[in-house]
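Colleague: Protein chains in written order, with my numbering: chain A, 22 to 376; chain B, 22 to 376; chain C, 22 to 376; chain D, 22 to 376.
It should be emphasised that the hints constitute simulated quantities derived from the structure, not laboratory data. Possibly wrong hints are sitting among the right ones.
Only pairs whose alpha carbons sit at most 20 Å apart, straight line, appear in this in silico SDA-like list of lysine to any residue [what the hints assert, rightly or not]:
1. Lys241/A <-> Tyr52/D
2. Lys241/C <-> Leu64/B
3. Lys241/D <-> Cys335/A
Far from chain C, by Cβ distances over 12 Å, these chain B residues were calculated [unchecked claim]:
4. Ala70
5. Ala92
6. Gly148
7. Pro251
8. Lys255
9. Ala279
10. Ser287
11. Pro310
12. Thr340
13. Gly371
Okay, the calculated bits of chain C under chain D, using three or more residues with CB under 8 Å as the criterion [stated by the list, open to error]:
14. 105-113
15. 226-236
16. 346-352
Only a predicted model underlies this, so the values are computations on that prediction, with no experimental measurement involved. Even for Gly, the Cβ is constructed at its ideal location relative to N, Cα and C.
Residues per chain, in single letters:
There are 4 protein chains.
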Amino acid sequence: MHQFRNDYSEGAAPEMLDALIRTNGEQAPGYGVDPYCEHAADLIREACAQPDAFVQFIPGGTAANAVCISAFTEDFEGPILAADAHPTAHETGAIEACGRRILATRDALGILTPAEVERMHRDSIAGGCHCTRPAMLYFSNTSEFGHVYTRAEFDALCDVAERLDLAVYVDGARMASALAAPGGDLTLEHVTERADAFTLGGTKAGMLFGEALVVNPRSKRGRRAIERIPYLVKRGGHMTAKGRLMGVQYGAAFTRAADGSLPYLSHAARANECACLLARGLEDAGFEPYVHTNGNQQFFWFEPDDAARITEACGAEVTPALDPAGRGRVLLRFVTSWTCRPEHVEELMGFIAAL
Amino acid sequence: MHQFRNDYSEGAAPEMLDALIRTNGEQAPGYGVDPYCEHAADLIREACAQPDAFVQFIPGGTAANAVCISAFTEDFEGPILAADAHPTAHETGAIEACGRRILATRDALGILTPAEVERMHRDSIAGGCHCTRPAMLYFSNTSEFGHVYTRAEFDALCDVAERLDLAVYVDGARMASALAAPGGDLTLEHVTERADAFTLGGTKAGMLFGEALVVNPRSKRGRRAIERIPYLVKRGGHMTAKGRLMGVQYGAAFTRAADGSLPYLSHAARANECACLLARGLEDAGFEPYVHTNGNQQFFWFEPDDAARITEACGAEVTPALDPAGRGRVLLRFVTSWTCRPEHVEELMGFIAAL
Amino acid sequence: MHQFRNDYSEGAAPEMLDALIRTNGEQAPGYGVDPYCEHAADLIREACAQPDAFVQFIPGGTAANAVCISAFTEDFEGPILAADAHPTAHETGAIEACGRRILATRDALGILTPAEVERMHRDSIAGGCHCTRPAMLYFSNTSEFGHVYTRAEFDALCDVAERLDLAVYVDGARMASALAAPGGDLTLEHVTERADAFTLGGTKAGMLFGEALVVNPRSKRGRRAIERIPYLVKRGGHMTAKGRLMGVQYGAAFTRAADGSLPYLSHAARANECACLLARGLEDAGFEPYVHTNGNQQFFWFEPDDAARITEACGAEVTPALDPAGRGRVLLRFVTSWTCRPEHVEELMGFIAAL
Amino acid sequence: MHQFRNDYSEGAAPEMLDALIRTNGEQAPGYGVDPYCEHAADLIREACAQPDAFVQFIPGGTAANAVCISAFTEDFEGPILAADAHPTAHETGAIEACGRRILATRDALGILTPAEVERMHRDSIAGGCHCTRPAMLYFSNTSEFGHVYTRAEFDALCDVAERLDLAVYVDGARMASALAAPGGDLTLEHVTERADAFTLGGTKAGMLFGEALVVNPRSKRGRRAIERIPYLVKRGGHMTAKGRLMGVQYGAAFTRAADGSLPYLSHAARANECACLLARGLEDAGFEPYVHTNGNQQFFWFEPDDAARITEACGAEVTPALDPAGRGRVLLRFVTSWTCRPEHVEELMGFIAAL
């Protein structure tokens with residue numbers, strides 16, 4: 022059966038693979054200082070409608086978070102984020118390995134809210150040099166539990182950040198899915214306009230590997246980060262020798278197709294459609310979601326026995342969470358990628374119906 | 022007016038000061054490898070009834086926490102502790118500066134509970150190498166909000182730690198107060214018997230400075246920590262050149278007086294008595310405590326105006342906390358030290374009554 | 022003109038590229054826990070003649086060094102290495118970012134010698150906890166300046182390490198070149214037999230990216246490192262989501278061709294031949310090498326004007342070094358890869374002859 | 022026999038001890054925010070003739086180095102220093118524990134020279150983001166081997182630092198000795214005028230503990246460091262709860278005596294006189310010094326047997342160094358403190374004469 026384990030189960034989507042094959046024999050300078058990376062950065066700046074944005078390609082998402090958070094903070098500063106965010110949940114202390122302390126809020130469902138940002142900021146600042154100084158907000162879009170931030174939510178976070186002089190960093194490991202989510206009202210241009218930094222994840226959007234870290238040079242913080250990033254990338258061991266591989270793939274992903282669409286987004290749109298189809302199917306069948314979302318990750322509650330069988334069949338992963346109904350149900354995560362097709366969803370729904 | 026700001030407002034208690042003066046001119050080897058430190062360590066081992074305990078003197082409490090937590094963990098491991106503990110609240114990321122990630126539970130009031138330890142452990146272990154591996158429990162006694170752990174609470178934490186193969190480290194910056202708390206049933210011998218490591222804080226117990234870190238060599242973890250600690254102390258910049266100063270003071274604090282009492286505990290007992298007197302007075306006057314405690318830190322809720330005046334008068338500090346009654350009250354911390362006398366408390370109560 | 026800038030200018034060698042294309046559409050679990058990685062590890066173990074070796078794929082060389090050095094050391098320990106080694110020269114403090122102090126010897130030409138290892142060890146140990154404790158040797162083969170260690174040199178280092186209880190780690194970013202160097206007498210089996218850990222570099226041997234870190238489980242140190250490595254890889258941000266890409270490529274590189282040869286070594290042999298051809302040509306033309314080597318990196322001294330023109334033409338990089346002749350000559354590095362052919366060397370020699 | 026082991030063998034000099042006793046019972050705010058620290062800082066600013074200097078008291082020398090070097094650098098920057106300086110020789114990786122890489126020159130005798138500074142800077146900058154970026158010079162005065170920098174040497178280092186845009190930090194753990202060295206021409210005012218930061222060591226100048234870190238706010242770097250230092254002090258675990266102890270002692274050390282002298286310097290002058298007396302005696306007796314110096318540390322070569330007896334008698338420590346005469350002699354360090362008197366030196370010389 023088609024696997025719904027995650028969105029990095031396959032290799033590269035056709036455009037990216039073709040570009041890699043086509044350029045394979047060419048000689049180019051190493052470490053990302055090559056024409057492919059330059060061209061890809063230009064295409065990204067164009068898609069973002071920000072001609073002076075700084076673009077750095079980084080091979081993985083945890084690496085991108087560690088670099089960006091380090092770049093925007095001093096040694097004794099940290100990011101405010103929701104307790105269930107990726108850096109607290111699944112990075113084995115990668116941010117702390119950079120000597121940074123995370124300021125985790127008590128937000129429910131891993132969705133960062135202005136109220137908790139304000140409380141955390143107030144309590145930290147009150148302690149002066151006895152507390153880690155807040156320097157930035159971190160949230161991922163889509164979030165760890167699949168939430169797609171609305172424009173209003175995003176703006177509210179940017180507003181509070183502006184008021185408190187905090188940078189805004191959006192971890193976009195699944196930004197393609199967020200931007201392509203049916204009904205979503207947040208655009209790439211708007212994210213670029215308001216965030217200080219964000220990533221356009223490639224690994225989960227049909228590339229072999231790669232995250233594009235985009236930084237806005239308009240603020241003093243942003244300019245400092247831009248100066249720091251190349252050094253931090255190298256120091257962190259994230260400077261890809263054959264850096265042009267990311268340039269080649271991003272170049273393909275951000276070159277408009279004949280119909281004007283960006284492959285980066287159209288692959289995500291297909292994945293989202295399948296995920297929404299699955300979510301509707303599960304809800305119709307009486308299963309309860311963790312949050313309602315149109316992104317490519319869907320979390321649903323199952324009885325333990327069913328969960329085990331579903332996991333075995335389609336790779337859906339168990340996610341640690343407490344059943345709010347107190348019934349001991351298990352939370353399963355289903356993820357779709359650009360390879361998923363409606364018939365895969367139907368097959369899975371058939372399997373679940375037959376349990 | 023006498024200040025209730027904290028328990029490190031004054032210099033040294035008489036026994037400690039006298040000992041420092043008496044030995045001032047003697048020449049001794051540096052860095053804590055001297056007869057005074059050796060003798061003091063012997064006295065501490067005797068008081069703990071553990072002849073083979075390892076004792077390391079460290080100048081401050083944050084340093085002791087950073088050293089001990091580093092000593093008991095691997096780079097990718099961390100301590101489980103309550104979200105409001107000292108390392109999360111008031112150490113500016115000192116643990117993270119050692120590259121360690123803290124695993125903070127959702128326990129209320131900063132009091133660590135076995136249930137939350139188990140949940141945190143289960144979720145972390147489930148993630149394998151994608152999550153920080155839990156290696157130890159950390160809690161302070163008295164706690165950040167003044168709680169004195171009972172023997173039953175302490176044993177329950179030791180039990181869960183044993184079951185999950187976690188080390189137990191008790192931050193004893195205020196251990197003297199905890200052990201001398203009226204009605205307390207936890208003894209130094211019992212702490213030594215069950216914990217893998219703990220500190221006997223000196224700074225808040227009448228010394229100029231110093232924490233004695235005591236480590237139990239019975240476990241493999243403990244033996245590894247013992248080998249690591251001297252290096253970590255030096256690497257952290259915590260190796261006091263005139264290390265014998267701590268030996269001299271601890272020697273005085275743990276030399277029994279004519280009546281058989283330990284100065285280390287009798288000073289704390291006096292401080293606790295005054296704190297309890299204050300707590301009773303405030304409760305009688307209708308003020309509400311944050312937690313009920315017999316230690317030397319008392320936290321009470323006040324209307325903002327009153328709080329400002331009390332702070333100005335006696336140095337009581339505002340502590341960030343949300344009024345559970347939703348009335349916007351402010352939480353004040355009152356701390357007594359070995360210099361506090363009942364008449365100081367009466368003076369303060371008179372002031373508060375006249376507000 | 023063909024570029025001699027480095028050995029990571031191109032994409033993947035044919036076997037690796039074909040394997041990537043062939044497996045592109047398959048779904049596999051992420052993070053290197055997949056059948057491709059498992060199979061590749063088996064092939065590597067076979068080539069090393071060590072059935073129980075631990076194999077971890079890591080995307081880059083600096084990352085592999087940081088992980089392996091961290092894995093084999095405690096926080097307060099460090100590797101002994103020659104002052105001009107890669108971690109001191111070109112990693113922007115990646116090892117120090119892990120909190121480790123490097124113990125750099127005064128060896129000339131970046132070639133580690135037993136005498137300097139012994140001196141550094143003796144002086145460090147004499148300082149007890151006031152000095153970083155030596156825990157391992159690090160050297161790269163080929164070295165930063167292209168030296169190919171002989172079996173005798175390698176054994177002498179292993180002997181001193183054994184006597185001093187130090188682990189031996191060989192950075193093999195260019196191990197393929199070292200093992201395939203004409204006249205070289207060091208074999209993969211012998212390296213495996215005596216070193217505690219080494220890498221088999223892929224990036225500079227015809228893969229898109231990847232280093233295979235091989236660890237010997239026979240020693241206590243090795244077993245501790247093996248337990249630590251997966252966590253350190255994740256914590257360092259080096260856990261490749263589509264980890265199977267490295268498995269696929271290493272699988273191809275270590276699958277014997279029809280003639281029984283390993284693509285991993287035969288590509289390197291071709292690169293070495295071209296480099297030796299170039300070296301002979303340059304020496305015949307009267308240019309002086311930095312060291313004599315049969316590896317794929319050649320360093321020669323040139324007058325500044327010539328150096329500038331050569332760099333412009335073929336990408337040879339200037340390497341900081343003091344002209345021993347005191348004539349202000351510039352040191353150029355020429356590197357060949359699996360794409361280099363004799364006619365490329367001839368073209369370059371023609372260019373130089375015409376200067 | 023009087024011990025010549027080091028200058029931190031005793032407690033506090035009379036002025037400091039008296040001040041501690043006199044103020045022992047007073048209540049003052051913690052963490053160095055108290056009137057004593059404020060007053061002492063004023064006196065230091067006056068002695069330095071720099072009214073706006075920033076002064077931070079830090080309990081120990083390794084801590085002061087770690088804080089100051091961190092404060093003046095970015096994560097990926099480091100200090101240039103001589104290979105035998107204290108941070109490389111005797112701090113167990115304390116600077117690397119802050120994630121900073123040290124750029125060690127090849128200077129002989131641990132004396133930093135402009136030529137090596139320039140070479141190290143040039144090579145590092147040439148590597149761009151692939152190398153640690155040099156940000157500051159570090160040297161101690163007196164140096165690790167007792168050298169007292171002349172005004173000309175100091176100015177030459179400040180000149181090269183200015184030209185290369187590097188900060189200058191002088192580790193003054195023995196600054197009192199350096200400033201009071203007979204024949205020395207470097208003044209406190211001049212150090213203050215040209216260095217970006219320096220310490221006025223207290224521990225080795227008759228205090229129980231404490232280093233005063235003085236930072237010049239005139240440069241952008243200095244202002245950034247000043248903002249960072251309080252946080253780094255706390256994060257490093259170096260925030261002394263009873264911070265006023267350092268204020269009290271520095272207040273006494275920098276309060277002019279009836280004859281107009283500063284106790285800080287007059288104690289050092291006495292120590293220097295005894296050390297010079299010893300050096301003259303040893304040279305007259307035919308022993309060879311490592312370097313000629315008028316500071317309070319003297320290093321001389323001895324035959325191994327004599328060295329062992331001298332060490333046993335007076336505590337002189339063996340220092341790792343290679344006998345330039347190739348005769349296998351041992352280098353001994355003799356250190357005098359404010360308690361040393363000429364008759365102590367005569368006794369030691371008598372002992373040595375009788376060997």
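Colleague: It remains to establish, for every hint, whether it holds in the given structure.
Modeller: Here is how each hint holds up against the structure:
1. Lys241/A <-> Tyr52/D: violated (32 Å)
2. Lys241/C <-> Leu64/B: violated (37 Å)
3. Lys241/D <-> Cys335/A: With a Cα-Cα distance of about 58 Å, the restraint between Lys241/D and Cys335/A is violated, given a limit of 20 Å.
4. Ala70: holds (28 Å)
5. Ala92: violated (9 Å)
6. Gly148: It is violated; Gly148/B is separated from chain C by about 10 Å at its closest Cβ, not greater than 12 Å.
7. Pro251: At about 4 Å from chain C, Pro251/B fails to clear the 12 Å cut-off, so the statement is violated.
8. Lys255: violated (5 Å)
9. Ala279: holds (39 Å)
10. Ser287: holds (35 Å)
11. Pro310: At about 41 Å from chain C, Pro310/B clears the 12 Å cut-off, so the statement holds.
12. Thr340: holds (33 Å)
13. Gly371: Holds, because the least Cβ-Cβ distance between Gly371/B and chain C comes to about 53 Å, which exceeds 12 Å.
14. 105-113: holds (count 4)
15. 226-236: violated (count 0)
16. 346-352: That given contact is violated, which follows from only 0 residues of the region 346-352 of chain C lying within Cβ reach (below 8 Å) of chain D.
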